[in-house]
Each structure stands twice: as structure tokens, then as C-alpha cells.
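Undergrad: Each chain, letter by letter, is given below.
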Amino acid sequence: MSEDSKSVAETLVSNRRDFIKNSAFFSAATLAGGVGMTVSSGAWAAGSDKPEKTQVKVGFIPLTDCASIVVAAAMGFDKKYGIEIIPSKEASWAGVRDKLVNGELDASHVLYGLIYGVQLGIGGIKNDMAVLMGLNNNGQGITLSRQLLDQGVKDGPSLAKHIKANPREYTFANTFPTGTHAMWLNYWLASQGVNPIKDVKNIVVPPPQMVANMRVGNMDGYCVGEPWNARAIADNIGFSVATSQDVWADHPEKVLGATAAWVKENPNTARALIAAVLDASRWIDNPKNRPLVAKLISDKSYVNAPEAVIAGRFLGQYDDGIGRKWQDKHSMAFFRDGQTNFPYLSDGMWFLTQHKRWGLLSTDPDYLGVAKQINQIDLYKQAAAMARVPVPKQVMRSSKLIDGKVWDGKDPKAYAASFAIRA
Amino acid sequence: MLKFSAALPANIAAESIRMRRRKLQAHAMQVLPPLLGVLLFLLAWQMLAGFRSDLPGPGATWDAALTLFADPFYENGPNDMGIGWNVLHSLARVGLGFGMAAVVGIPLGFIVGRSAFISGMLSPIMGLLRPVSPLAWLPIGLLVFQKAEPASIWVIFISSIWPMILNTAAGVRQVPQDYLNVARVLNLSEWKVLTTILFPAVLPYLLTGVRLAIGVAWLVIVAAEMLTGGTGLGFWVWDEWNNLNVAHILIAIFVVGLIGLLLEQTLVLLARRFEY
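Line by line, the protein sequences give chains V and P. Heads up: the first sequence begins at 0 in numbering that gives the first Met the number 0, then just goes up one per residue. Heads up: the second sequence begins at 0 in numbering that gives the first Met the number 0, then just goes up one per residue.
Do not take every clue at face value.
Here are the simulated SDA-like pairs of lysine to any residue, each with C-alpha atoms no more than 25 Å apart in a straight line [to be verified]: (1) P:K191 with P:F144; (2) V:K56 with V:L378; (3) V:K78 with P:G76; (4) V:K299 with P:W84; (5) V:K263 with P:F144; (6) V:K294 with P:T230; (7) V:K125 with P:P149; (8) P:K146 with V:A260; (9) V:K160 with V:K404; (10) V:K56 with P:E148; (11) V:K160 with V:V199.
Label pairs and their in silico Cβ distance ranges [stated by the list, open to error]: (12) P:G76 with V:Q208: 35 to 41 Å; (13) V:K412 with P:G76: 43 to 49 Å; (14) P:D62 with V:V215: 22 to 28 Å; (15) V:Q208 with P:L38: 31 to 37 Å; (16) V:D318 with P:I124: 56 to 62 Å; (17) P:Q29 with V:V215: 37 to 43 Å; (18) V:V215 with P:G259: 24 to 30 Å.
Stretch-level coverage of chain P by chain V, calculated; a stretch enters the list once three of its residues show a Cβ under 8 Å from a Cβ in chain V [stated by the list, open to error]: (19) 68-82; (20) 113-125; (21) 173-183; (22) 231-240.
Hints were generated in silico from the structure; no laboratory data involved. We put the beta carbon where it would ideally sit given N, CA and C, even for glycine.
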């Protein structure tokens with residue numbers, strides 16, 4: 000069996016070199032494989048590869064992008080790799096941070112930027128952290144209040160004009176100071192000419208509080224994951240002015256995070272965990288399975304929200320609440336042939352450049368060094384081989400963001416300093 | 000004269016009717032105001048719900064409660080348990096934190112009450128720490144215990160210990176000096192003083208402290224669980240808040256209130272038994 004899996008791994012490695020050419024083959028093969036894929040890749044069973052822990056407690060926040068953790072546990076992908084994932088619903092991102100650091104959780108569905116923040120001691124007591132894999136791209140959004148709409152704000156430029164013409168305290172909310180939502184909100188506001196630090200008030204509150212405050216007119220806008228933007232529209236208290244994929248198409252979002260110490264002590268468990276979640280991710284991104292997943296995660300055990308509120312945007316059907324409806328090409332993705340899941344160093348470094356830009360970091364960190372330390376690329380590659388998921392050749396990727404700037408991870412210091420609007 | 004004597008039995012009858020009526024009235028006065036209060040409350044609630052479509056009225060809440068309590072002890076994995084389990088988990092935490100607070104707080108109260116020196120030593124610290132909001136203790140608990148469960152028990156402990164110390168100490172100070180003088184004349188040991196003089200005299204104060212403390216403990220656990228997660232009434236409320244399920248939040252408010260009332264009434268009953 001171990002020989003068998005070794006040969007699988009070897010073929011994968013050789014195939015990996017020209018994976019872009021072969022990605023069509025891969026996706027076809029994986030689609031055919033589906034859930035029924037056999038245990039032939041069970042490298043874990045062989046002697047020293049055995050997971051150190053059989054039960055892995057993985058935290059999640061009730062948002063639609065926790066789906067791959069839930070599916071990995073609920074559909075039994077974890078058993079295939081010799082572990083049992085126990086999803087644990089958490090109260091807040093701060094709670095996730097605390098439970099990761101004190102070891103109550105083995106790993107968690109967590110904001111990319113939160114892990115980087117804790118590593119550098121911002122937004123939490125400094126602790127060495129690890130990103131095991133990416134969980135999803137896209138699928139977050141920025142909502143503005145109905146009051147603003149009534150005053151003629153329909154998009155970014157009209158918001159910028161309105162704020163200049165009607166000076167008062169504008170309140171925007173995000174979910175965690177160093178988190179992804181704070182960064183999308185800041186980046187988007189800045190791209191529209193609004194300084195998110197100087198021109199508006201930025202607060203961190205839990206999503207239900209955002210909705211409640213917007214209902215009573217205390218909140219002008221917020222950036223958060225689904226289903227909360229869809230919810231504002233359903234409740235008729237706000238509208239979607241932008242999606243996070245508008246800011247950065249196929250941006251990194253939630254990751255599977257852990258502490259560096261946990262990964263060091265449990266490398267085999269970590270590998271099995273990544274492989275199981277990779278299998279789940281592939282299964283979710285099969286369009287056939289998506290409606291099923293929407294139903295599964297709407298359960299009270301997980302997201303605990305009406306399926307109708309979750310399903311639309313989960314299937315890529317967008318409605319901005321003021322008349323525009325579209326099928327989004329960059330809606331929430333969980334797999335994209337492994338592109339979503341590969342822990343690109345440039346993705347992690349981007350959050351550091353933004354932390355620097357908005358004054359969360361006072362000096363430039365060792366961008367590449369920090370990212371290399373956190374993102375567990377070697378471990379990921381081994382797990383990807385187990386799950387037969389293609390791995391990209393480069394550890395950096397190049398993306399063009401909403402303001403036309405290109406981020407490729409090459410000169411982070413210059414990139415961080417290149418923004419006109421900053422803290 | 001005749002007229003008068005005829006009026007007499009009539010007078011007596013009238014008197015007895017009046018008495019019965021008074022009795023009835025007293026009964027009614029006991030039942031009526033609370034009933035009226037509840038009725039007015041429901042009416043106000045219903046009216047409010049009429050104005051705000053997102054606030055479920057008493058009827059809708061009652062319906063939701065019926066389905067919720069139809070199966071209070073179901074188990075659907077660690078993230079979805081019946082409301083009964085959540086209540087029991089919360090009560091267990093309260094019991095533990097509160098119990099420890101009693102074990103530490105009551106003896107400490109005796110010492111503080113007995114010794115002016117120790118009282119002087121502790122009073123600035125207690126004065127400073129007592130008004131601290133219970134939830135401010137949570138991060139400290141997390142930091143020290145590195146786990147959410149003991150941290151929430153710690154929060155209960157630290158916030159319910161003050162009423163017990165202070166009331167016990169106040170009780171000890173209220174013990175008439177004559178009693179203690181007698182004890183001194185009889186050359187009683189400190190232990191004897193404690194068990195035969197102080198304890199019986201202090202008991203009513205002590206029980207008041209315990210009653211106040213259980214109220215605080217129950218108040219605090221719901222808030223602490225909202226922050227720490229896990230199974231418990233507090234996180235259940237938080238999860239329903241996440242779902243914006245207002246009917247369930249209202250139910251939870253009633254459940255929290257009812258259990259708090261029950262806890263306190265039990266202790267009041269206990270206190271009455273000891274007072275007489």
C-alpha cells in the first residue's frame with residue numbers, strides 16, 4: 000500500500016511540473032473520482048506517517064466559507080486519512096485566536112490577516128502561527144446603508160462625494176482589526192478616494208451587531224462574509240456596493256490556521272487534515288454538489304441561517320439590492336484545481352503590506368521571511384500529493400487589484416509605500 | 000328597642016359578609032396585581048410587535064417555545080444540542096464557580112469580620128476589585144488558565160465572591176459585643192466562639208450574601224458564555240442572535256429570568272428555615 004501511494008506521489012510530482020497544461024485532465028479525473036475515490040492514497044497508514052492525533056478539533060465561525068471544514072467532517076473525508084474532524088462553532092474571531100493559542104483548538108477556519116497579525120504581535124499576543132492551506136477565495140462583500148442610498152449614494156464615487164459634501168462621523172464596521180474584511184474595506188474605500196483611517200470611523204463588531212446597528216441607522220457600511228451582505232438586502236436595510244472580488248478577483252480569504260507549535264508536534268495530523276479538507280474543497284466546487292452543501296451548512300449546527308439566505312450567493316447568483324442581478328464569475332471558490340488552497344507566499348505578504356500601509360505595523364517586517372515561516376508549503380505539497388491535488392509551480396502569484404495596481408510579491412516594501420492614501 | 004334587636008343579627012350577618020368580602024378582597028389583592036401586571040406586559044409587547052414587524056409577539060414566541068421545549072434534550076453533535084442541555088451546562092458552571100466562591104468567601108468573611116487588622120488590610124483591595132465588571136475578568140482568566148471553561152468558572156467565582164465576603168463580615172460585626180464579652184469571661188476557644196456564637200448570629204447575613212451571589216453568578220454566566228462559546232445558555236443566545244432569530248432570543252430571556260428567579264427563591268426558602 001505504501002509503495003502504491005509512493006508511486007502515486009511520484010507520478011504527481013512529475014505531473015506537477017506541467018500541471019497547467021494538464022489541469023484539464025486533473026479536473027476531469029477528480030470530478031470522476033468524487034467522493035468515491037478509494038483509499039489508495041492512504042499514505043497515513045504506513046508506520047511513521049500515522050496521525051499523532053485521531054481527533055482533531057477544528058474551530059469555525061458560522062459563515063458560508065466554513066463549508067469545507069463542515070463537509071470534510073460531515074461527508075467523511077476525514078476518515079479516509081485516519082482522522083476525525085470535530086468542528087467546533089466559535090463565538091468570535093478573538094475567541095478563535097485565543098483558543099488556537101491556548102491549544103483548545105487544534106486548527107481553525109480563520110481570517111488570513113488574523114494569523115499574520117498574531118505572528119507579529121498585532122491584534123493579539125505574539126505567537127508563532129501557521130497557515131496550513133487556503134480555504135476559499137472571494138465571497139465577502141461591502142454593504143452600505145439604506146439611509147445612504149436614500150441620500151443618493153449608489154456606488155463608490157457617489158459615496159466619496161457624499162462624505163466630502165456632508166461632513167459628519169461616518170461609521171464603518173469590520174470583523175477583526177488585522178483581518179481580511181478590514182483590509183478589503185480599507186482598500187476599497189481608498190480606491191474610491193476615501194481615507195479609511197482619517198475620513199471615517201472604523202469599528203470592529205460582530206456581524207449581527209452590524210445588521211442591528213444598520214437597521215437603527217447607526218452604521219453607514221460594513222464589510223463581512225456571507226450570508227451577512229445578502230441578509231442586509233433580504234431585510235431591506237442596505238445594499239451591496241461592492242463585492243470583495245471587485246477589490247481583488249480570486250483574493251485569498253479564510254485559511255486553515257494553527258499554531259506553529261501544533262504543526263511541529265503533529266505534522267502527520269496536519270498533513271491528514273489538509274488532505275481531508277482538500278478532498279472536501281474539490282467536492283464542494285463541483286457545481287452539482289453546491290446546492291447540497293448550501294443545505295448542509297445552513298443547519299443549526301453550522302451556519303444556522305435560512306438556506307434561502309445562504310444559497311443565492313453560494314451558487315454565484317448575486318443581487319445588489321438596488322436592481323442589478325448577475326451571475327458572478329468570481330464568486331466564492333473553494334478549490335479551483337488547488338489554486339484556492341495553495342498557500343501562496345505572496346498572498347500572506349499582501350496582508351503585511353496592508354498592515355504596514357494602515358499603520359498597524361510601524362516598520363517594515365521581513366515580508367518574505369515571515370510568510371515563509373507561516374505558510375506551510377512543504378506540508379501542503381505532501382498533503383496535496385496524498386489527495387492528488389495539483390500544486391502550482393510558483394510560490395508567488397500576480398494579481399491586479401481594483402485600483403489597477405499589480406501585486407506579485409516581488410518588492411513588498413516598495414508596494415506598501417506606494418499608496419497615496421495611507422494611515 | 001325592637002328595631003335595634005332586629006338589627007343586631009342583621010348587623011352580625013353583614014359583618015360576616017363584610018369579613019368574607021374583605022378576605023376575598025385580600026386574596027384578590029394578592030393575585031390581581033401580578034396578573035394585571037403580566038397582562039399589561041403582554042399587551043404592551045403585542046402592541047410593540049404590531050409596530051415592528053421584526054419583533055415577534057407573545058403568540059409567535061409561545062409557538063416557537065412549544066416546539067423548542069417539545070424536545071429539550073436532543074443531541075445533534077456538539078454544536079447543536081437541545082435547550083435543556085444548554086441550561087444544565089450553564090447551571091453546572093454556575094454551581095462550580097459559585098461553590099468555590101462560597102468555600103473561599105464565607106471563611107474569608109468571618110476572618111475579615113473578626114479581625115480589624117485583616118479587614119483594614121483587605122478593604123482597599125476589595126474596594127478596588129469589587130466594582131470591576133465581571134466580564135473584565137474573562138481575559139485574565141483566559142490568560143491564566145489557557146482554557147475557556149475554567150476561565151468562565153473563574154469569572155463566576157470572582158464576581159460572586161464579594162457579596163459573600165462582605166455580608167458575612169457585616170454579619171460578624173453585628174454580633175452584640177455582650178455575647179463576645181461573655182465568651183471572653185467563660186474563656187471560650189476561638190472555635191467555640193465561632194460555632195456557638197458567631198455562626199448562628201451571622202447566618203441570616205450570610206444567607207443574604209449567598210442569595211445576592213447566586214443572582215450575580217447566574218447573571219454573569221450567560222454573558223461569559225456569549226464570549227467563550229461552547230454548550231450553554233449564553234452561547235445558545237449568541238448563536239440565535241447570529242441567526243437573528245428574535246423569537247428564540249426572547250424565549251432565552253424568559254428562561255434566564257425564570258431560572259434566576261427559581262435559584263433565588265430556593266435560597267430565600269432556605270434562609271427562612273434558618274432564620275426562625
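Undergrad: Could you run down the list of hints and mark each one as holding or not?
TA: Consistency of the hints with the structure:
Among the hinted pairs, K191 of chain P with F144 of chain P is inconsistent with the structure: their alpha-carbon atoms are about 39 Å apart, more than 25 Å. This hinted pair checks out: K56 of chain V and L378 of chain V have alpha carbons roughly 19 Å apart, not beyond 25 Å. With a C-alpha separation of about 17 Å, the suggested pairing of K78 of chain V with G76 of chain P holds against the 25 Å cut-off. A C-alpha spacing of about 15 Å is found between K299 of chain V and W84 of chain P, which places the hinted pair at or below 25 Å, so the restraint holds.
With a C-alpha separation of about 23 Å, the suggested pair K263 of chain V and F144 of chain P falls inside the 25 Å cut-off, and the hint holds. For the hint pairing K294 of chain V with T230 of chain P, the CA-to-CA distance comes to about 23 Å; that is within 25 Å, so the pair holds. With a C-alpha separation of about 23 Å, the suggested pairing of K125 of chain V with P149 of chain P holds against the 25 Å cut-off. Between K146 of chain P and A260 of chain V, the direct Cα distance comes to roughly 17 Å. Compliance with the 25 Å bound is thereby established for this hinted pair.
A C-alpha spacing of about 23 Å is found between K160 of chain V and K404 of chain V, which places the hinted pair at or below 25 Å, so the restraint holds. Restraint check for K56 of chain V and E148 of chain P: the C-alpha separation of about 16 Å stays at or below 25 Å, so the hint holds. At most 25 Å may separate the alpha-carbon atoms for a hinted pair to count; K160 of chain V and V199 of chain V meet this at roughly 13 Å. Distance hint check: the CB atoms of G76 of chain P and Q208 of chain V are about 27 Å apart, inconsistent with the given range 35 to 41 Å.
As the Cβ distance of K412 of chain V to G76 of chain P is approximately 47 Å, the hint placing it in 43 to 49 Å holds. For D62 of chain P paired with V215 of chain V, a C-beta distance near 27 Å keeps the hint of 22 to 28 Å intact. A hinted range of 31 to 37 Å holds for the C-beta pair Q208 of chain V and L38 of chain P, which are about 33 Å apart. The hint said 56 to 62 Å for the Cβ distance between D318 of chain V and I124 of chain P, and at roughly 59 Å that hint holds.
At about 41 Å, the beta-carbon gap between Q29 of chain P and V215 of chain V stays in the expected band of 37 to 43 Å. For the pair V215 of chain V and G259 of chain P, the beta carbons lie near 28 Å from each other, so the given range of 24 to 30 Å is met. Residue count for the region 68-82 of chain P with a Cβ under 8 Å from a Cβ of chain V: 5. That meets the three needed, and the coverage hint holds. For the region 113-125 of chain P, the assignment as covered by chain V is violated, since 0 residues bring a beta-carbon within under 8 Å of that chain's beta-carbons and 3 are needed.
Counting residues of the region 173-183 of chain P whose beta carbon lies closer than 8 Å to any beta carbon of chain V gives 0, which falls short of the minimum of three for the stated coverage. Counting residues of the region 231-240 of chain P whose beta-carbon sits less than 8 Å from any beta-carbon of chain V gives 5, enough to reach three: the coverage restraint holds.
Violated hints for the displayed structure, listed by number in ascending order: 1, 12, 20 and 21.
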